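*Asks:* Chains as they are written, first to last, in the numbering used here: chain F, 1 to 200; chain Y, 1 to 200; chain W, 1 to 200; chain D, 1 to 200.
None of the hints are false.
To list a few chain D residues with every Cβ distance to chain Y over 10 angstroms, as calculated:
1) E15
2) I16
3) L26
4) N29
5) G31
6) R45
7) L54
8) R72
9) P90
10) F95
11) P97
12) A155
13) G156
14) V192
To spell it out: a stretch of chain F is covered by chain Y in this simulated footprint if at least three of its residues, at any positions, have a beta carbon under 8 angstroms from a beta carbon of chain Y; those stretches are:
15) 69 to 75
16) 129 to 141
17) 174 to 180
Keep in mind that the hints were calculated from the coordinates and are not lab data.
Remember, it's a predicted structure, so these values are computed and weren't measured experimentally.
Even glycine gets a Cβ: it sits at the ideal position worked out from N, Cα and C.
Number of protein chains: 4
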Amino acid sequence: MKVLITGFEPFGGEEINPSWEAVERLPENIGGARLIKHRLPVTFRGVREILPRLIVEERPDVVILTGQAGGRPNVTVERVAINVMDSKMPDNEGFAPEDEPVFEDAPAAYFATLPVKAIVAALRRKNIPAGVSNTAGTYVCNAAMFTALHTIAVAGMETRAGFIHVPFIHEQALEKPRPSMALETVTRAFEVAVRTSLEV
Amino acid sequence: MKVLITGFEPFGGEEINPSWEAVERLPENIGGARLIKHRLPVTFRGVREILPRLIVEERPDVVILTGQAGGRPNVTVERVAINVMDSKMPDNEGFAPEDEPVFEDAPAAYFATLPVKAIVAALRRKNIPAGVSNTAGTYVCNAAMFTALHTIAVAGMETRAGFIHVPFIHEQALEKPRPSMALETVTRAFEVAVRTSLEV
Amino acid sequence: MKVLITGFEPFGGEEINPSWEAVERLPENIGGARLIKHRLPVTFRGVREILPRLIVEERPDVVILTGQAGGRPNVTVERVAINVMDSKMPDNEGFAPEDEPVFEDAPAAYFATLPVKAIVAALRRKNIPAGVSNTAGTYVCNAAMFTALHTIAVAGMETRAGFIHVPFIHEQALEKPRPSMALETVTRAFEVAVRTSLEV
Amino acid sequence: MKVLITGFEPFGGEEINPSWEAVERLPENIGGARLIKHRLPVTFRGVREILPRLIVEERPDVVILTGQAGGRPNVTVERVAINVMDSKMPDNEGFAPEDEPVFEDAPAAYFATLPVKAIVAALRRKNIPAGVSNTAGTYVCNAAMFTALHTIAVAGMETRAGFIHVPFIHEQALEKPRPSMALETVTRAFEVAVRTSLEV
Numbered sequence: 001m002k003v004l005i006t007g008f009e010p011f012g013g014e015e016i017n018p019s020w021e022a023v024e025r026l027p028e029n030i031g032g033a034r035l036i037k038h039r040l041p042v043t044f045r046g047v048r049e050i051l052p053r054l055i056v057e058e059r060p061d062v063v064i065l066t067g068q069a070g071g072r073p074n075v076t077v078e079r080v081a082i083n084v085m086d087s088k089m090p091d092n093e094g095f096a097p098e099d100e101p102v103f104e105d106a107p108a109a110y111f112a113t114l115p116v117k118a119i120v121a122a123l124r125r126k127n128i129p130a131g132v133s134n135t136a137g138t139y140v141c142n143a144a145m146f147t148a149l150h151t152i153a154v155a156g157m158e159t160r161a162g163f164i165h166v167p168f169i170h171e172q173a174l175e176k177p178r179p180s181m182a183l184e185t186v187t188r189a190f191e192v193a194v195r196t197s198l199e200v
Numbered sequence: 001m002k003v004l005i006t007g008f009e010p011f012g013g014e015e016i017n018p019s020w021e022a023v024e025r026l027p028e029n030i031g032g033a034r035l036i037k038h039r040l041p042v043t044f045r046g047v048r049e050i051l052p053r054l055i056v057e058e059r060p061d062v063v064i065l066t067g068q069a070g071g072r073p074n075v076t077v078e079r080v081a082i083n084v085m086d087s088k089m090p091d092n093e094g095f096a097p098e099d100e101p102v103f104e105d106a107p108a109a110y111f112a113t114l115p116v117k118a119i120v121a122a123l124r125r126k127n128i129p130a131g132v133s134n135t136a137g138t139y140v141c142n143a144a145m146f147t148a149l150h151t152i153a154v155a156g157m158e159t160r161a162g163f164i165h166v167p168f169i170h171e172q173a174l175e176k177p178r179p180s181m182a183l184e185t186v187t188r189a190f191e192v193a194v195r196t197s198l199e200v
Numbered sequence: 001m002k003v004l005i006t007g008f009e010p011f012g013g014e015e016i017n018p019s020w021e022a023v024e025r026l027p028e029n030i031g032g033a034r035l036i037k038h039r040l041p042v043t044f045r046g047v048r049e050i051l052p053r054l055i056v057e058e059r060p061d062v063v064i065l066t067g068q069a070g071g072r073p074n075v076t077v078e079r080v081a082i083n084v085m086d087s088k089m090p091d092n093e094g095f096a097p098e099d100e101p102v103f104e105d106a107p108a109a110y111f112a113t114l115p116v117k118a119i120v121a122a123l124r125r126k127n128i129p130a131g132v133s134n135t136a137g138t139y140v141c142n143a144a145m146f147t148a149l150h151t152i153a154v155a156g157m158e159t160r161a162g163f164i165h166v167p168f169i170h171e172q173a174l175e176k177p178r179p180s181m182a183l184e185t186v187t188r189a190f191e192v193a194v195r196t197s198l199e200v
Numbered sequence: 001m002k003v004l005i006t007g008f009e010p011f012g013g014e015e016i017n018p019s020w021e022a023v024e025r026l027p028e029n030i031g032g033a034r035l036i037k038h039r040l041p042v043t044f045r046g047v048r049e050i051l052p053r054l055i056v057e058e059r060p061d062v063v064i065l066t067g068q069a070g071g072r073p074n075v076t077v078e079r080v081a082i083n084v085m086d087s088k089m090p091d092n093e094g095f096a097p098e099d100e101p102v103f104e105d106a107p108a109a110y111f112a113t114l115p116v117k118a119i120v121a122a123l124r125r126k127n128i129p130a131g132v133s134n135t136a137g138t139y140v141c142n143a144a145m146f147t148a149l150h151t152i153a154v155a156g157m158e159t160r161a162g163f164i165h166v167p168f169i170h171e172q173a174l175e176k177p178r179p180s181m182a183l184e185t186v187t188r189a190f191e192v193a194v195r196t197s198l199e200v
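Turn these sequences into a full structure, and let the hints steer you where they fit.
*Replies:* In structure tokens, the structure reads:
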């Protein structure tokens, strides 16, 4: 079994991105599956180029994309990705699309094919606050999730895919009153998510 | 050297109080000082009876009171206690005072005599999000802080005293989207606070 | 021209629902169009029975559904409705679906066909704080929005449709520190939305 | 009878300050009392120079200071002012004091002498969300409140004094998801506060 798990580079003025920090710290194998780790750029162009190639070449059984949702207090497993790119905040190469589709001729949305509720339940059992989120926004995170699910659908693959958003980690919130988690907790959350996606 | 450190029993429908959970887990000695741990009731009467007795009998060098501030995202060191008890939410024995003084003939407020800013800085250096708070509310936490500072002032003691509020811990926020911290982080925060209060 | 505009009955322990309070206060005609006002029940069954019938019988040019989003600080125009009903909080007849589709054999999502961005811009020009929302949740509001858009799509109608969420009004937040708006502001917001939907 | 009522100039990057916008729109007389309106600078030096002079020269029966508390969702009547100036954000002339007293040889705090709870109750009766606040911060607002109460105490005057914080008004929050109120509501709140302070 093979799991593709991605984190993002920093964006929005932050010096780190907890998603990649945690992905990097994951072991090479979880639950008998081999992990393929990839650090994605925070660009609409990048995720739409890189993810289809990675997924088609590697043919993973599970794809877990992860990203930072600064301000959210808990780990959230995304339910749905929508076919829109819309952001006043430019991405890391200065692109700020307004109401453009991620892909032309694609459906309005895809539901995550990861076991969303089972992952949330497993996280809670491991003492990690978690919930389902109904929006991954309309920035690069959503575009990445949409891209993965669309690629898999078009290719007729059976790969399970989805997206997990994580809060700031403590080092990002030392001086500001924003919710944050320990990096170890985020890393553990990803491990639980991988394991649950393989088992359920 | 002697440090009196207190936590509270649960209140407000919670089954645990992270302040006492963390105090209980502290070692018996920190930085050469002996810890006296006490679990306070969440009652206006209780804290005003117990704290003066404890402080006068034990004559600690440092008094650190701790409590839960559910909803706050970081560890907050309180700057000031005010001479008022005012709460629509009854305390744990059903008392809900309206605009009553904690003590008659006492000043309007006492500033914490702990090294507030130094504790905040030390917490941040240890990767624990922290800040100064300008209000301990008007519930039992504030009454406890006021009681300790008033007792020490009236007795002419040199004891440093203050109050630290902590967020929910993860087990309290598993299913609700509220900020929370790991219990280990809260425990570490208290250890840092004790050490800093002894050193600065 | 005909505009169907709906508000909801109260739910979640509230005694009023600002959406219906405001719809009720709208004039009978706006911008040359006749308004058909309807108060919807907060039930998954109700909205799926009533809305298709109303839309097919009345054949309105514009459908604006409105609802309360307690806690949001501004008027939000929803971008998308998703094909899922999922709620731990039972609806007003006690139904609490878990991960059920609103309609079988329907797409994962529909985008609003109202001029979402133009409404937001018009509201701001009229001094009403407003924004686009990317999730109408998975409760009855989303089910209503999905139902309207699905009905229109299946019937091959040209009707524009969408959903507007409004904050609590002042009378609902007098004693709690939650964002709220004046009822007059909410009513004016709906008038602006109707006018913009007819013009743009 | 004479009422001194003040608002502040803009600060923190805002182009207006709702407190002064509302004070300016108040009538010249309320409940038989004459209003003296003053626009204060957002400077620690300014408020400590201007308020003592104004209060001693005008000898008002009531002093109501008002200011903006961006982010708060309701009108808050402050309970207490503390003897500290502490801010990383510089005031409007670039001064950023750290842990300095507002006045040497002054008490740690003064409680407002306005009828705080009666004002809150009157606001709610007039459909304006309101509450008591236990901290006016440690920026210029608190310094102004402390200055007024200290001046009155030292002069042995009977003047009632206090501070009211108001949310952003709509024009400040059109494009950001922050709580806001209509300017008319803020103006009405001040009128209610003046009237209640004269009557209760």
